[in-house]
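There are 2 protein chains.
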Amino acid sequence: MLVVLTGGTGGAKLIEGLGHEIDPAQLTIICNTADDFVLHGLNISPDLDTIIYTLAGLSDPVQGWGIQGDTFTVLQQLGKLGDETWFKLGDKDIATHITRTRLLRAGLKLSDVTDRLREHLHIKARIFPMSNDGIETRVETPEGIISFQEYFVKRRWQPEVKKVFYAGVKNSRPAPDVLDAIGAAVGIIICPSNPVTSIGPILAVPGVRNALKQVTVPVIGVSPIIGESAISGPAHKLMAAQGMEPSALGVAKGYADFLDQFVIDSEDEALTSKLETLGIGVLATSIRMKSLADKMGLARQVLALVDK
Amino acid sequence: MLVVLTGGTGGAKLIEGLGHEIDPAQLTIICNTADDFVLHGLNISPDLDTIIYTLAGLSDPVQGWGIQGDTFTVLQQLGKLGDETWFKLGDKDIATHITRTRLLRAGLKLSDVTDRLREHLHIKARIFPMSNDGIETRVETPEGIISFQEYFVKRRWQPEVKKVFYAGVKNSRPAPDVLDAIGAAVGIIICPSNPVTSIGPILAVPGVRNALKQVTVPVIGVSPIIGESAISGPAHKLMAAQGMEPSALGVAKGYADFLDQFVIDSEDEALTSKLETLGIGVLATSIRMKSLADKMGLARQVLALVDK
Numbered sequence: 000m001l002v003v004l005t006g007g008t009g010g011a012k013l014i015e016g017l018g019h020e021i022d023p024a025q026l027t028i029i030c031n032t033a034d035d036f037v038l039h040g041l042n043i044s045p046d047l048d049t050i051i052y053t054l055a056g057l058s059d060p061v062q063g064w065g066i067q068g069d070t071f072t073v074l075q076q077l078g079k080l081g082d083e084t085w086f087k088l089g090d091k092d093i094a095t096h097i098t099r100t101r102l103l104r105a106g107l108k109l110s111d112v113t114d115r116l117r118e119h120l121h122i123k124a125r126i127f128p129m130s131n132d133g134i135e136t137r138v139e140t141p142e143g144i145i146s147f148q149e150y151f152v153k154r155r156w157q158p159e160v161k162k163v164f165y166a167g168v169k170n171s172r173p174a175p176d177v178l179d180a181i182g183a184a185v186g187i188i189i190c191p192s193n194p195v196t197s198i199g200p201i202l203a204v205p206g207v208r209n210a211l212k213q214v215t216v217p218v219i220g221v222s223p224i225i226g227e228s229a230i231s232g233p234a235h236k237l238m239a240a241q242g243m244e245p246s247a248l249g250v251a252k253g254y255a256d257f258l259d260q261f262v263i264d265s266e267d268e269a270l271t272s273k274l275e276t277l278g279i280g281v282l283a284t285s286i287r288m289k290s291l292a293d294k295m296g297l298a299r300q301v302l303a304l305v306d307k
Numbered sequence: 000m001l002v003v004l005t006g007g008t009g010g011a012k013l014i015e016g017l018g019h020e021i022d023p024a025q026l027t028i029i030c031n032t033a034d035d036f037v038l039h040g041l042n043i044s045p046d047l048d049t050i051i052y053t054l055a056g057l058s059d060p061v062q063g064w065g066i067q068g069d070t071f072t073v074l075q076q077l078g079k080l081g082d083e084t085w086f087k088l089g090d091k092d093i094a095t096h097i098t099r100t101r102l103l104r105a106g107l108k109l110s111d112v113t114d115r116l117r118e119h120l121h122i123k124a125r126i127f128p129m130s131n132d133g134i135e136t137r138v139e140t141p142e143g144i145i146s147f148q149e150y151f152v153k154r155r156w157q158p159e160v161k162k163v164f165y166a167g168v169k170n171s172r173p174a175p176d177v178l179d180a181i182g183a184a185v186g187i188i189i190c191p192s193n194p195v196t197s198i199g200p201i202l203a204v205p206g207v208r209n210a211l212k213q214v215t216v217p218v219i220g221v222s223p224i225i226g227e228s229a230i231s232g233p234a235h236k237l238m239a240a241q242g243m244e245p246s247a248l249g250v251a252k253g254y255a256d257f258l259d260q261f262v263i264d265s266e267d268e269a270l271t272s273k274l275e276t277l278g279i280g281v282l283a284t285s286i287r288m289k290s291l292a293d294k295m296g297l298a299r300q301v302l303a304l305v306d307k
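In the order they appear, the protein sequences are chains A and B. Going by numbering that gives the first Met the number 0, the letters in the first sequence line up with residues 0 to 307, in that order. Going by numbering that gives the first Met the number 0, the letters in the second sequence line up with residues 0 to 307, in that order.
In short, the hints are calculated from the structure, not lab data. Don't take each hint at face value.
Derived DSSO-like pairs (lysine-lysine); straight-line CA-CA distance at most 30 Å [what the hints assert, rightly or not]:
(1) K87/A x K169/B
(2) K79/A x K108/B
(3) K123/B x K123/A
(4) K108/A x K123/B
(5) K79/B x K162/B
(6) K123/A x K153/A
(7) K87/A x K162/B
(8) K87/A x K252/B
(9) K123/B x K79/A
(10) K108/A x K273/B
(11) K123/B x K108/B
(12) K212/B x K273/B
(13) K79/A x K162/B
(14) K289/B x K273/B
(15) K79/A x K212/B
(16) K153/A x K273/A
(17) K153/A x K212/A
With beta-carbon atoms standing in for the labels, derived distance ranges [stated by the list, open to error]:
(18) K212/B x E118/A: 39 to 47 Å
(19) V37/A x K87/B: 22 to 30 Å
(20) G68/A x E268/B: 38 to 46 Å
(21) T70/A x G63/B: 38 to 46 Å
(22) D179/B x P175/A: 49 to 57 Å
(23) T84/B x P141/A: 28 to 36 Å
(24) G63/B x K123/A: 38 to 46 Å
(25) G63/B x E118/A: 44 to 52 Å
(26) D22/B x P141/A: 37 to 45 Å
(27) K162/A x P175/B: 42 to 50 Å
(28) A183/B x Q157/A: 36 to 44 Å
Don't be surprised by glycine CBs; every beta carbon is placed ideally from N, CA and C.
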């Protein structure tokens, strides 16, 4: 089993590539849930859903979220009934949230719900939420503390960020099998996901970081940053707010205690010696994933590092 | 204010007619909620919704339920995720249930939720659920006790019915303003709705029947039965199971303690003398409502009885 730590969009691209390069049944995905939130009374897990839709072949390749060809009839009607519409939920996507909400209220754990969705959508990879406990990424701005979704979607990551923290993480536990999966992995892949709001929360769940430090198999990361900007989203802004250097080097520093190899973009090749000083092997290549061929090509190179 | 007691389909037709004949702001609807149920984790109030959609001009005139031109994307996807699909919920309709469920869980009463939906859909008539308490029509069959929706929709009213009862009604209270509205009405209209599962539960809410008995204004009923069959649905079967004669006369007998006038179909004119023996005035006319003109015509005749 290959274990893959991921958030949503960026990680989903690499996972799509991995799913084409090896039997998806060999993949165990550990997914960020600190962006989860409740809207319209429905439990929404944006990163889990992006990964589920990607592995089910349903994802929208243009948007990077939601289901391809989805319609927005429910959301429009919710608007007419006085509800908020800033978070774009498609009709098929809403079916996922209705099902998740129903099962959670019936007493199932998020990991059980995720497994059931995975099964019904015929996904062979295993998908684990990082935790069944409620953990929420919160963003401190000059105007006050807001949720990640409010910062990211509603406010389009424009507010100045003073600090990011994961409410509830200290007393959380990893979801069942998460630590076992890491311990039994033949290789670990850290996706090119936001190190502050996607990978950061996973690492902050008590026990996860330590489990990663203890594995003897290769731990391979892929940078979500090229130059001083995130490939998509606000990773560089959030890293700066957390006192991290907003670069591939800054990402690697955050993972240095468990990372063996880091895949960076050719543009950042000059960082190689600094990364090697941290004890991290480097592969500089093209890491932008625009086409399926890009995703498969990068996945192939990552898999080669695992096998090396 | 005219007070109208109603269930779903049949009552909605007369209410549509009434809404065209007088200013809808003069109507206060008291609606059955004993068919309410939870499906997909969503609180569904079929009769309230039929009335709301009718008065909002959204209803589907062919089906008699749901919203005209609605799509079924969410339901299809729920099916793929392993959920039941025997109750046809359209996408716009689901927005209603999502909103209702969210507001009920936030602590609002069903009457407040109904009022909010009414307001957002620009409905001028007042719409009250008969009660904010959970009351459930249950159907006793040879195979056991099932919910009304299971009997009516899932099993298409085919099981033999031994008895019908309203679980929870004994300790229920009318929703706020229900008794006051009846007391202050200039006339009361009992819609051509199922006397066992639509009007029966309303009358069984403690205080309602007594309030109807005490009014001095005209109480006008419209028969849901022609000959020995319901105009639509299983009213005749359910009446027989309850020991009621399955005819317009049987319906009138059930309402005799408060009914002043009963509108029956011309086909049933022969019942006139028996009805008059009960102290009930009779109007025999065409009571089938297929077109809007039929609905308006019948409404006009009912309003004339109120004014007489």
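Can you name, in rising order, the numbers of the hints this structure does not satisfy?
-> Hints 1, 3, 4, 5, 6, 7, 8, 10, 13, 15, 16, 17, 18, 20, 21, 23, 25, 26, 28 are the ones this structure does not satisfy, whereas the remaining hints hold.
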